[in-house]
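Trainee: Given next are the chains, with one letter for each unit.
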Amino acid sequence: MKKRGAHLLTYILRRVLQAIPVFFGTTLLIYFMVFAMPGDPITALFGDKTPNPAVLEALRAQYHLDQPFIVQYLLYMKDFFTGNLGETFSGQAVGDVLARSFPVTLKLVIMAVVLEFILSVVLGLISGLRKGKLFDNANLVAALVLSSLPVFVAMFLAQYFIGIKLGWAPVTVGQDTTWGAMFLPALVIALTIYVTGMRLMRGSVIESRQADYVRTAYAKGLTHRRIVPVHIARNSLIPVITNTAASFGALIAGTTITEGIFNIPGVGNVLYQAIIRGENPTVVTFVTILTVVYVVVNILVDLLYAVLDPRIRYV
Amino acid sequence: MSDRQPEHYVAPIEDATVEVDALKLKERKSNLWLDAWRDLRRRVLFYAALLVVLVVLTMAIAPTLFTDVSPTLGCQLTNSNGASIAGHPMGFTRQGCDVFARVVWGARTSLSVGILVVVITAVIGIPMGAIAGFFGGKLDSLLSRIGDIFFSIPYFLAAVVVMSVLGQYRSVWVIALAIGGFAWASLARILRAEVLQVKNSDYVMASEAVGRGRMATLLSHVLPNSLTPVIVTLTIALGAAIVAEASLSFLGLGLNSNVMSWGQDISQAQSSIRTAPMALVWPSVMLTVTVLAFIVLGELIRDALDPKSRARR
Amino acid sequence: MTSEQLSTQNTTREADVLVQDNRYVDPSKPLVEIRDLEIEFTTQGGTVKALKGVSFDIFPGETVAIVGESGSGKSTTAHGIINLLPDNGKITGGQVLFEGEDLTTAKKSELYRVRGRDIGFVPQDPMSNLNPVWSVGFQVREAIRANGIASSKKDVNARAIEVLKEAGLRDAEHRMAQYPHQFSGGMRQRVLIGIGLAAHPKLLIADEPTSALDVTVQRVILDHLEALTRERNAALLLITHDLGLAAERATKLIVMYQGKIVEAGPSKKILQDPQHPYTKRLIESAPSLASQRISGAKVTHVGESGIDVADIAATHEDARAKQDITPVIEVNDLTKVYSIRKGNFKSTPLTAVDAISFKIPRGTTLALVGESGSGKTTAAKMVLGLEKPTSGEIILDGTNLSGISKKDLFAVRRKMQPVFQDPYGSLDPQRSIGAIIGEPLKVHKVGDAASRKARIKELLDQVSMPAEVADRYPNELSGGQRQRVAVARALALKPDIVVLDEAVSALDVLVQAQILQLLADLQSELGLTYLFITHDLAVVRVVADEIAVMENGKIVETGTADAIFDNAQVEYTQKLLEAIPGAGIDWIE
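Residue numbers (this note's numbering), protein chains in the order written: chain H, 1 to 315; chain E, 1001 to 1313; chain S, 2001 to 2589.
Hints are computed from structural coordinates only; laboratory data are not their basis. Because the structure is a prediction, the values reported are computed rather than measured. Be careful, since some hints might not be right.
[What the hints assert, rightly or not] Once the Cα atoms are required to be at most 30 Å apart in a straight line, the calculated DSS-like pairs of lysine-lysine come out as: (1) K133(H) with K2442(S); (2) K1029(E) with K2457(S); (3) K133(H) with K2107(S); (4) K131(H) with K2346(S); (5) K1138(E) with K2406(S); (6) K2442(S) with K1199(E); (7) K1029(E) with K2442(S); (8) K2107(S) with K1024(E).
[Unchecked claim] In silico contact screen, one side only, chain H against chain S (beta carbon under 10 Å); selected entries: (9) R100; (10) K107; (11) K133; (12) N137; (13) G180; (14) R209; (15) V214; (16) T216; (17) A219; (18) T223; (19) V230; (20) H231; (21) D309; (22) P310; (23) R311.
The beta-carbon is built from N, C-alpha and C at its ideal position, and this holds for glycine as well.
Kindly produce the complete structure, drawing on both the sequences and the hints.
Mentor: In structure tokens, the structure reads:
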């Protein structure tokens, strides 16, 4: 047991160290896109609006524009880590807005990811065990069509048919951020993304069924009832779990449109409102935050993979 | 163990013909691409998807073949949210513009952005992935690190930032760069993984033993054999790029409002979803069907090129 | 007991009663009776009949070997007995009677009971046959529990440790929690053997149990397998492609070809007096038997229409007399050290090749022999200029490769060309055969398009392939045919030297004999010098003039083929010689 832990620990350490340059590179890139473009970045941030000169001055100071670029960036990072994230145009501290909206997004994403996992595993397993038969073909077609629907189209369809015509679920969420109210958008998200996980599960199940070690398991005298969960499903689950974990990260970063359409007061919505109103500084700040979250989640996903598949730790 | 003596059995020699390694050539030449093409040609779905793609392509290149109604001029508010009448099969938008015309003209935007994104993704992603995978070592570390950085920013968010900041420069090229400039990282990763596998093949060693330089080997032997996942990914990416452009337009971050875009139309028709859904439905259908066609094509190509799945059928 | 006992079986027991775990088994009634077994597979090209009516018996305690090449149906038979066919396979006729009960029509629950408990199975590839995500202990324990050997957690665990100990694994307790990829190939196979025998089955089926292992490990594992099965009075059904191995280990031999049994009977009798043409050709082509025959064993020279590899060996004896002593390849103190990155940020040096030296005279063959990890492939790569040596020199036909300029290296490459091991990986699948063979000509800008086409035709002719193959692609050719193309490619530039890295190791025995004959013919026609890399000492006997044995990067012994085979000095070489399957056959009449 001790040896196993040691290998895992070194793997974690290596992975985290690898992530540090990526982290700085990413945030630098975003910063660069905004502040190193030709022209005055501050007025660019305002698009075609002309703000009050006092606001401009405040922002210039906030973004340390009198300093050389790299220093700007480092000061910006320092502010970021010390929690000084600036203010939105309506004067609220970004930190506060984040604290209020993040849990909401988290709820939405967790529901979506859980639903996606269930759909992937169950549909993928049945499809894999019944390859080529009616269920399999129907499943593959359905998944393909659902995944081609752009998110906003899917949301509108759901809103229209389920919300308006059938009246089964609320069309907008607003302040009512209960699990039940957010079920519909979470389900729609899950339906548009489950195709990847389902295909992974199906593919793994098909491969595992023909695998040598499964045949040897039968030769040992094990029954079908034991082999399917212990040898087929367990091996097939690894890529699916890591895929779901990766979707988690991707979703945190990508609920903008969903929250906009369903009026869910999460991080994505704040971003959505900021985009619509042209509040670019807020847009940049939030994109940076979401990206950081994405990077962190990806590291956790890699670690999860190492825990599940013992071979990876030795790579 | 008994002391039984097993008897000596010999099969009838008259019908014994020992053929060692006989050459059995098929009637027609066969290699990966030829077989894949023959496989695709047999499938109805291939023709269906191809048809959709060709129709949309024609709409993009020559919209006037489909409609002479102008999508922007001649919009009369009196027609606002009108239902379909003769000559205007899909009804009118809130501004009173002809939905059908807007749908047809919108194809150009979607397709041009889509194709440009694919080109940019390929032009950056393929060299990065191939060189990193083939040459390995420090070069690989460097290129992979760069790829990781771009890969770590969800390309949609990155495009959002770019388009927000570059408010004045809203052209097809800028959008395509905003999306493709980040999406290439995913292609590079996929190609790198494939190249890592292919480069261990003996024919690569044989090529170097004959005297080809490393770069020449990469270009003439490794890359052609690593193309399968690239083609599949690029085809599907076309669909994804169209969706990305539509999403950006939906958020108002796409092209200018005087340029047709399905995403923009969908966004504008949002508010009248209860009263006049058609202005929302038609562009949505068009968008979905187009994306679906590309994704289906990509999947069919993947199936056709995958020797394992062909063997199973 | 009759005098026809093979000397490897010298136990005596009471003729009437066999005792296995307190169960009495009647040794005069067959344990397994297979009658007209037919098995079909459904593939994209239609249905293929893998077994076309196979019948034989296995008696309790008996060791039976089934020998055949790929496609003969030997593995299918093994799997068919316990109905372990893949999804696209089906038993379409015949019976498999185990102690009177027909397994082909048995209920699932019956099969589950018989498998593991009455019939054990040891598969071929130890890596892919253990589930990588569960510990080895887990997989042993589940076998024990499934076969009802023990039930309480403590008992199961204790029995599992016992199984591993019997399998020959030291510190079995510690090993239980480890994963398959942490074991070596030989250890994994021991685990699989242990699992197969855990329930003391009456029959153990072993499907090529050692072909995925290193040569010296093979003999140890087979001895161990034999000992365990004999201890338990279990019958053993051994599947193998090696006739020598089969004859050495089994009393009864069954030869299969294209889904049918062509000859069956007592092993020694079949070797000394084969009747069926296929059996005769197998005997002629088997390198392991050839080396026995050359050393004077009493197997008559069969002389059929096939290729007798012993004849090929004879050509080397003649050739040696007219040797020209100019070395065409000279290697001095060649060394290669790699830096291996370990998981914990450090890297350790790995000496793959350690100061080796050899000379190869023109027109002869030097065989570089070693197991995996001996460094032979790395040495070959350095000679081919595909890896840079850390130190030492390589002199090819007078040109020293160290410090050579790119241009000069390019020119030297014309003199030496490789043929690699994997016929399915050595030809670019995107190129036509003609393009593949012609590539060296293109790269070195030899001749124009027309002359190249003519040369390609000439080359195909030299390797006995029809000219029309030039427009086709590799996927239409078999392994042996692909190797011929690889040889043709190697000869395109009229090199002096051909480096053959395990060039025949992946081929079936009869095809292998054909390729060896081809190589021998080409060598005498064109005056080629061969550097022949292999792990198979038996093949070496057939092809080599000189032999160099490598172990852990060093050359431990060199000498002529006769010298090494008759009188090896170094212990490692002796071990390799003893490991040749069939080395233990006692031909005494």
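Trainee: The structure should be examined with respect to each hint, and the outcome stated for every one.
Mentor: Hints and how they fare:
Under the criterion of a C-alpha separation no larger than 30 Å, the hint pairing K133(H) with K2442(S) is inconsistent with the structure, at around 50 Å. Of the pairs offered as hints, the one joining K1029(E) and K2457(S) holds, with about 19 Å between alpha carbons and a cut-off of 30 Å not exceeded. For the proposed pair K133(H) and K2107(S), the alpha carbon gap of about 25 Å is at most 30 Å, so the pair holds. At most 30 Å may separate the alpha-carbon atoms for a hinted pair to count; K131(H) and K2346(S) exceed this at roughly 47 Å.
Straight-line distance between C-alpha atoms of K1138(E) and K2406(S) comes to about 23 Å, which keeps the hinted pair within the 30 Å bound. Between the alpha carbons of K2442(S) and K1199(E) the distance comes to roughly 22 Å, so the proposed pair stays at or under 30 Å and holds. Taken as a hint, the K1029(E) and K2442(S) pair is honoured in the structure, with Cα atoms around 23 Å apart against an allowance of 30 Å. As the CA atoms of K2107(S) and K1024(E) are separated by approximately 41 Å, the hinted pair breaks the 30 Å bound.
The criterion of a C-beta within 10 Å of any C-beta in chain S is not met by R100(H), whose closest approach is roughly 42 Å, and the hint is violated. Look at K107(H): its Cβ only gets to about 33 Å from chain S, farther than 10 Å, so that hint breaks. A least Cβ separation of about 12 Å between K133(H) and chain S goes past the 10 Å threshold, and the interface hint is therefore violated. Taken as an interface hint, N137(H) does not check out: its beta carbon lies about 17 Å from the nearest beta carbon of chain S, beyond 10 Å.
Interface restraint check: G180(H) against chain S, minimum CB-CB distance 38 Å, threshold 10 Å, status violated. Checking R209(H) against chain S by beta carbon gives a least distance of about 7 Å; that is within 10 Å, so the hint holds. About 8 Å separates the beta-carbon of V214(H) from the nearest beta-carbon of chain S, less than 10 Å, and the hint is met. A hinted interface residue such as T216(H) counts as satisfied when its beta carbon comes closer than 10 Å to some beta carbon of chain S; here the least separation is about 4 Å, so the hint holds.
Given hint, A219(H) at the interface with chain S, holds; its Cβ is 4 Å from that chain's nearest Cβ, closer than 10 Å. A least Cβ separation of about 5 Å between T223(H) and chain S falls short of the 10 Å threshold, and the interface hint therefore holds. Annotation: interface hint on V230(H) holds; nearest CB of chain S at approximately 8 Å, less than 10 Å. Using the Cβ-Cβ criterion of 10 Å, the hint placing H231(H) at the interface with chain S is satisfied: the shortest such distance is roughly 6 Å.
Interface restraint check: D309(H) against chain S, minimum CB-CB distance 6 Å, threshold 10 Å, status holds. A cut of 10 Å between beta carbons decides the hint on P310(H): the least distance to chain S is about 5 Å, and the hint holds. About 5 Å separates the beta-carbon of R311(H) from the nearest beta-carbon of chain S, less than 10 Å, and the hint is met.
Hints 1, 4, 8, 9, 10, 11, 12 and 13, counting from the list given before, are not met by this structure.
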